[in-house]
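Protein chains: 2
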Amino acid sequence: MAAITALAQRSETATALIDGVLHGNRLLLARTITQVENQTAQASDLLHALYPHSGRAHIIGVTGAPGTGKSTLVTALARCYRQAGMTVGIVAIDPTSPFTGGALLGDRVRMRALAGDAGVFMRSMATRGSLGGLSKTTGDVVTVLDAAGFDRILVETVGVGQAEVEIASTAHTTLVVEAPGLGDEVQAIKAGILEIADVLVINKADRPGVDATLRALQMMLQIEGESTRLVRHHGQLLRVESPAAAGAEEQRWQVTVMKTVAAESTGVEELRAQVERHREWLVASGEMAVREQLRIANTLENIIRAELNRRILSRMPDGRMNEMVDAIRRRETDPYRAAADLLHLL
Amino acid sequence: MAAITALAQRSETATALIDGVLHGNRLLLARTITQVENQTAQASDLLHALYPHSGRAHIIGVTGAPGTGKSTLVTALARCYRQAGMTVGIVAIDPTSPFTGGALLGDRVRMRALAGDAGVFMRSMATRGSLGGLSKTTGDVVTVLDAAGFDRILVETVGVGQAEVEIASTAHTTLVVEAPGLGDEVQAIKAGILEIADVLVINKADRPGVDATLRALQMMLQIEGESTRLVRHHGQLLRVESPAAAGAEEQRWQVTVMKTVAAESTGVEELRAQVERHREWLVASGEMAVREQLRIANTLENIIRAELNRRILSRMPDGRMNEMVDAIRRRETDPYRAAADLLHLL
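Chains as they are written, first to last, in my numbering: chain V, 972 to 1317; chain R, 972 to 1317.
Among these hints, one or two may not hold up.
[To be verified] According to the in silico footprint, chain V covers these stretches of chain R (three or more CB under 8 Å from chain V):
| hint | segment |
| --- | --- |
| 1 | 1004-1013 |
| 2 | 1022-1031 |
| 3 | 1273-1281 |
| 4 | 1295-1308 |
Quick caveat, the hints were computed from the structure, so don't treat them as lab data.
All C-beta atoms in this analysis are idealised placements derived from N, C-alpha and C, irrespective of residue type, glycine included.
Next comes chain V alone, as it looks inside the complex (with noise of 0.2 Å):
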């Protein structure tokens, strides 16, 4: 008893966290994880520590409206991996509910189907609308996810936001899910995270209305035409044009649109060959060195953000911050020269 009482309470130590990262084991990954997930007095030094070994995996975005079925899809994407003798790393970022107490829907789809597979490693990450801290968290877990190892790694996002489309920046292949009959219009398009696309698939196509979206997505890429991809950098979108788009025609990459059945795993493999050939063309274009600049730029920018935060809202004691708020109500000040004011101290 005394014994495990112990082993529960055992923290352990940086050292021996990153060892058991480097080294494959699973359980001091997941316990590296919660500590950079909660951006613990440590994270920082196992981040240190780790960040050399990473920069090898393929980070492979997943987004799209919710009802599309990306959990199935990336569960499959993830079987055709194995089967081709790689290693997965999966980030799932779910809104958290409180009225469903936590448990989510995604979870279930995705751990029944790769249970007790130690080439799989699946994590869940909870919103509770930490918004700017996500990215920079998300980013870390991957980070973390690289060093230990994995071949590929899946980021899914619930997607039709601004915030999706910030994590959607830090892969290097994005994949846009839509599937029919989700409404009117193409529901990537009302939301704005098409652009972001590097490969488009039409999910659950073997339900009625597949072709309408298909020809809607494919006079979208028509008007498009060229293959830039938008990007964030600086807080800015910015359009990164390959450097080779100036080039042949050949040289760009083409965006197409590939139909799954996901629960059938249906069309799945050749998502995977489709996935495979866009970061054989990254590295052949010379477009990987462009992206993983903007992806090392966000995260140095992201990681500034999250400390100035910090600092601030450490400094401001709550007291004054009240009676800020206090004045600003009754009008005798407002907030921008209440901002400048407290900026003047700090």
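The hints should help you fit chain R onto chain V, whose structure is shown.
For chain R alone, coordinates are given in the frame of chain V:
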């Protein structure tokens, strides 16, 4: 010709703009909003002058997944308010699609129905990916419309994302819009935004599946039980207990589900009445003061964050940033160490 050229080139002084806003000049209002959106040098003077005139409008957030007919609903709601003798400002946040060259479907829906009525003012804001900036800028535009004297201000976002939750926390009353048949599960639940609703709306309620959607939402409400609200403060979502929540059951706000067919204006006047009931409850229960405090605190923090980001980015010469990015890419350092170094410099 010379006079026309001079007219085109003249830029209004801050005084002229402020006077225009306060005295019903819609053209000068539009130009003021443009300055505020673009965060020009003059913008903070304009906001400082206008803020004391704000605080009277009731702000209504309207969010929900794409395809639920929000634009049509907002338009119909605005018309009901006009019939009730009130003036309405509408701020519509649409993702911008380079595919469609900036013309947004929502705009066309709204414009056609409301054109020519001086008692309604509509402004579309393009997201273009400026995540953090959007929340602040939206709040600023609402301040201007408030100062201009509009009784009700509708803020419409394309929902289903954490940024939208943040924007909802700037409203007094938040409507979450669902529609039947949009996928296997209630869209809003999957996206985690159900908790921010003060009123739930099933639009397109003439479509099949409405009863299933209604039952699902009512079940969620029963599980939830109490009337708490998730709002953002200090970057974290908080549950805000109504001061009355500790007391009598009758003093709590009951979140109900309303059915509308906005395209036929069915159920919209009933929705308007419910919004007004919520407003009265906010005042009577003391909750209005709490929400105002949170809105102001969020605004303060958004301004401070935006300013810090601006300062950081302006102090970092691009060359230095690129050097650092390359060093990280070569794994000579890592983003965490590099960020710490940069922060030391500042």
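Going down the list of hints, with the structure as the test:
no.	hint	in the structure
1	1004-1013	violated (count 0)
2	1022-1031	holds (count 3)
3	1273-1281	holds (count 6)
4	1295-1308	holds (count 10)
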